[in-house]
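Undergrad: The task is simple: from the sequences and hints, build the whole structure.
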Amino acid sequence: MTIRTLRDYGQHYRPRMACLKNVEVFVVEMQDPKSGVKGADQKLNVTIIPHVINGQDILAWIVTKMKVTTEEAQAFGTMLVAYGYIYPLQNHRKLVLVPDSTLYRFQTPYFWPVQKWPAEDIDYAIYLARRNIRKKGMLEPYEQQHYDNLHKWMNPKWDFIVMQATEQYKANKERKKPDRVVLDCQERAYWIVHRPPRRTHSAMDYGLDRLIDPNAEEVTGEYCNIFLTQALMRSAVKSSMSLTAFVKFVTTHHNHDPFLTTPVPSNPWITDSDEFWQLNSRSVDIPTKLSVERWVLSFWELISDPRGRVDFKLFLKKEHSAENMAFYEAAEEMRWGAASAIPEKSQFIFNTFLKPGAPRWINIDGRTMGLTVKGLVVPHRYVLDAAQTHIFLLMKKDTFYRYLKSPVHKDMQKRALVPAPHVFTDAQLEANVRNRNPGVSPILQWQQEEEEKAAAAVAARPIDVKAMVATNKLDRK
Amino acid sequence: MCDQTFLAITFGPCDSCSENRPLMNLYIKTEPINYCSLCMEIMACQGLASGETLKSLKAESETLRKKLEEERKKLHDVELEKVAEKAEALGELNMKTRRTLKGHGNKVLCMDWCKDKRRIVSSSQDGKVIVWDAFTTNKEHAVTMPTTWVMACAYAPSGCAIACGGLDNKCSVYPLSLDKDENLAAKKKSVAMHTNYLSGCTFTNSDMQILTSSGDGTSALWDVESGQLLQSFHGHSADVLTLDLAPSETGNTFVSGGSDKKANVWDLRSGQNVQSFDTHDSDINCVKYYPSGDAFASASDDSTCRLFDLRADREVSIYSKDSIMFGAASVDFSLSGRLLFAGYNDYTINVWDVLKGTRVAILFGHENRVSSLRVSPDGTAFCSGSWDNTLRIWA
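Going down the list, the sequences are from chains A and B. So for the first sequence, full-length UniProt numbering puts the first residue at 1; every next one is plus one. So for the second sequence, full-length UniProt numbering puts the first residue at 1; every next one is plus one.
Because the hints were derived from the structure by calculation, they are not lab data. For each residue, glycine too, the CB sits at the ideal point set by N, CA and C. The reader is advised that the hints may include incorrect statements.
One side only, chain B facing chain A, incomplete, derived with CB under 7 Å [as the list claims (entries may be wrong)]:
(1) ALA312
(2) LEU363
(3) GLY379
Restricting the straight-line Cα-Cα distance to at most 25 Å, the calculated cross-link-like pairs of lysine to aspartate or glutamate (DMTMM-like) are [what the hints assert, rightly or not]:
(4) A:LYS313 - B:GLU249
(5) A:LYS238 - B:GLU88
(6) B:LYS321 - A:GLU71
(7) B:LYS115 - A:GLU275
TA: Here it is as structure tokens:
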């Protein structure tokens with residue numbers, strides 16, 4: 001059969017409806033008299049309802065047509081019901097596909113989602129009014145609520161609505177009983193999908209409309225051309241190079257991915273034991289072997305892991321080049337910090353790291369130093385970018401490799417733990433569930449870290465010799 | 001690391017307004033000029049210069065586009081499937097729901113993990129924002145926003161605050177405390193002000209800055225303490241639905257996806273649109289960076305997820321199946337980048353092999369569409385929030 005529908009499957013103010021195009025093609029195939037789902041006539045009280053299909057048949061048909069598993073087919077079938085293409089005859093409020101002898105019917109194309117869009121309130125009001133007349137005031141509670149609401153909001157039009165409803169009710173009476181029953185079922189199904197009662201999951205309940213019409217004519221002005229020229233000027237990399245980089249990344253990180261390699265001792269979510277987190281925490285004495293292996297992968301991995309950063313700082317202290325890391329951290333803080341703190345922080349950084357003769361003077365080339373100092377006259381968030389990049393590259397290309405060869409690191413590699421995998425009996429697993437560790441609140445941890453940082457800052461301050469003499473600490477007696 | 005992270009940015013006096021600002025280096029007819037982002041906007045919105053008509057601009061646009069495509073084609077010498085043959089095959093994946101978090105009275109719209117790998121913040125349609133300890137399934141904090149449809153929520157890197165927003169056009173930050181009788185609503189701080197609904201928000205590397213995206217078509221970077229707008233990003237021609245910050249060493253870029261089917265990469269410092277990808281057929285609901293920062297994946301209403309390579313400047317893979325007809329709402333990568341988890345509007349979660357392009361698993365369990373999906377910071381589990389009012393942790 002040919003069904004004429006709106007061509008605008010596009011976005012025109014309707015989020016998430018682009019799928020309907022393919023779904024409708026599928027539904028048409030389902031209804032094909034020769035190759036579609038086999039229907040039968042069903043007796044309901046006295047009337048006979050034609051073309052009734054049952055859940056099992058629908059499921060079997062989808063499985064064969066799409067070549068998928070039963071579960072997938074059921075999910076797809078449920079979506080067909082949720083969109084209103086198929087509606088259940090009994091239990092009409094639950095819009096799911098039940099794969100047994102539950103009865104369903106195909107919805108008439110007149111009531112398909114994309115046809116009568118959007119479902120107008122006035123139509124709903126007329127429908128409810130008509131239902132009210134038919135049921136002599138006995139509407140379902142959610143319908144009653146809607147009815148009262150609409151009565152309040154559409155009061156001026158209410159006479160028109162009631163008139164329409166009465167007309168339609170009279171016209172309905174003229175129809176034959178089976179037709180009337182079928183039409184009633186169809187309409188009711190349509191309105192359940194478009195005005196779902198509480199606890200009914202309808203796919204037409206799609207959320208909010210988009211604000212801007214994405215189908216509007218796009219104004220291509222200067223902006224577009226500037227962007228394209230820019231894109232042409234930029235260099236791109238060969239596919240082979242970048243794609244091999246992805247494969248390499250995946251391979252090197254394979255052992256660290258808990259979904260691909262079972263974490264040791266065990267995944268906390270599966271066994272309810274949080275030992276995995278405890279062993280990898282920032283303040284642990286000896287890190288796990290896996291962590292140490294991850295640090296070796298790149299400088300960025302080393303400093304992103306808090307425990308790794310601690311180790312690296314220890315190494316730097318031994319090498320007496322801790323000022324690089326301190327500068328990097330200070331610059332990061334300024335960059336990501338509050339706007340009001342920028343002048344103060346830039347002053348502090350200048351005095352501590354950049355000024356000639358500064359106590360923790362960093363070694364950067366003259367040009368960068370010149371640029372940075374000039375920029376610090378009017379400090380802004382990104383003034384230290386050039387210097388920070390220079391220092392970062394220095395640490396990455398030089399210090400990092402020295403760290404990997406250093407005794408600090410080699411010693412850590414030897415001492416690193418390889419925790420034994422947990423083997424829990426069922427009883428133990430149940431006990432774990434009962435005794436789940438609440439852990440440390442991140443707020444407390446943050447406070448702790450801040451205190452540590454403050455203490456470290458005090459310790460790193462240059463010693464004021466005069467002050468010490470004044471307080472007789474350097475008394476040579 | 002790719003060159004994108006070390007984009008040479010100049011800072012200095014703008015050519016037109018002569019104020020000291022981060023500059024965009026542009027080329028107008030091969031002539032380099034340095035404008036600040038504000039002047040660039042003004043210039044781009046100006047009417048046609050003399051000697052130009054709308055037609056000539058369009059024609060120029062077409063020729064430039066063709067040239068760009070040619071250049072990109074020359075560099076495209078191999079497909080991902082070919083390179084991925086070297087990668088070993090995946091074993092059997094056995095993922096189940098390990099925790100179900102019940103407590104929201106309405107659709108769960110968004111969720112985010114805390115850096116401590118076990119706490120979660122989630123927001124729902126009725127305005128409730130709840131902080132859970134997902135490991136013990138206890139609710140730790142709860143706040144009711146004065147707005148419905150809280151579509152964006154984020155956990156601060158320190159773990160001491162949360163940010164959320166939605167139909168109120170604002171992004172508000174709530175500092176968390178250990179006090180049992182806290183009144184979170186009293187300490188609320190309004191940070192971002194957009195002209196329409198807030199669709200996404202995320203903290204940058206500290207608690208002091210927030211990046212937001214809005215239905216009014218713009219994204220913006222805000223200073224939390226003062227509520228000041230630090231940088232705004234214009235370029236989408238329709239609602240911006242999602243954003244993600246790059247995990248790179250210098251963390252200077254972010255990607256946003258919108259209702260105009262485009263995914264744009266932006267430079268945080270200058271506000272410039274660095275790259276744009278428009279191969280999707282429908283709204284982009286979610287974008288997420290690859291763990292290395294050199295690529296990103298997007299989920300769209302056209303039922304496909306796609307992988308875009310930033311260095312080669314093209315789309316490299318499409319994750320789709322004939323049997324998947326309904327839109328994808330959310331994606332995230334596993335820690336190694338081998339697996340891509342995607343939540344769909346047909347109530348299922350599909351797990352894709354990123355390299356080989358095949359689907360490795362399909363997960364059932366939710367009773368309504370999966371609206372948001374995120375992998376935990378250490379990759380041990382992922383959480384999916386759904387319109388059936390629950391959140392599920394899978395491992």
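Undergrad: For every hint, state whether the structure bears it out.
TA: Evaluation of the provided hints:
Residue-level restraint check for ALA312 (chain B) holds (minimum Cβ-Cβ distance to chain A is 5 Å; threshold 7 Å). Checking LEU363 (chain B) against chain A: minimum C-beta separation of about 10 Å lies over 7 Å; hint violated. The interface hint given for GLY379 (chain B) holds, since its Cβ lies 5 Å from the closest Cβ of chain A, which is under the 7 Å cut-off. Straight-line distance between C-alpha atoms of LYS313 (chain A) and GLU249 (chain B) comes to about 18 Å, which keeps the hinted pair within the 25 Å bound.
With a C-alpha separation of about 23 Å, the suggested pairing of LYS238 (chain A) with GLU88 (chain B) holds against the 25 Å cut-off. Restraint check: the Cα-Cα separation between LYS321 (chain B) and GLU71 (chain A) comes to about 16 Å, which is no more than 25 Å; the hinted pair holds. Proximity of LYS115 (chain B) to GLU275 (chain A) is assessed by CA-CA distance (about 17 Å); at most 25 Å being required, the pair is judged to hold.
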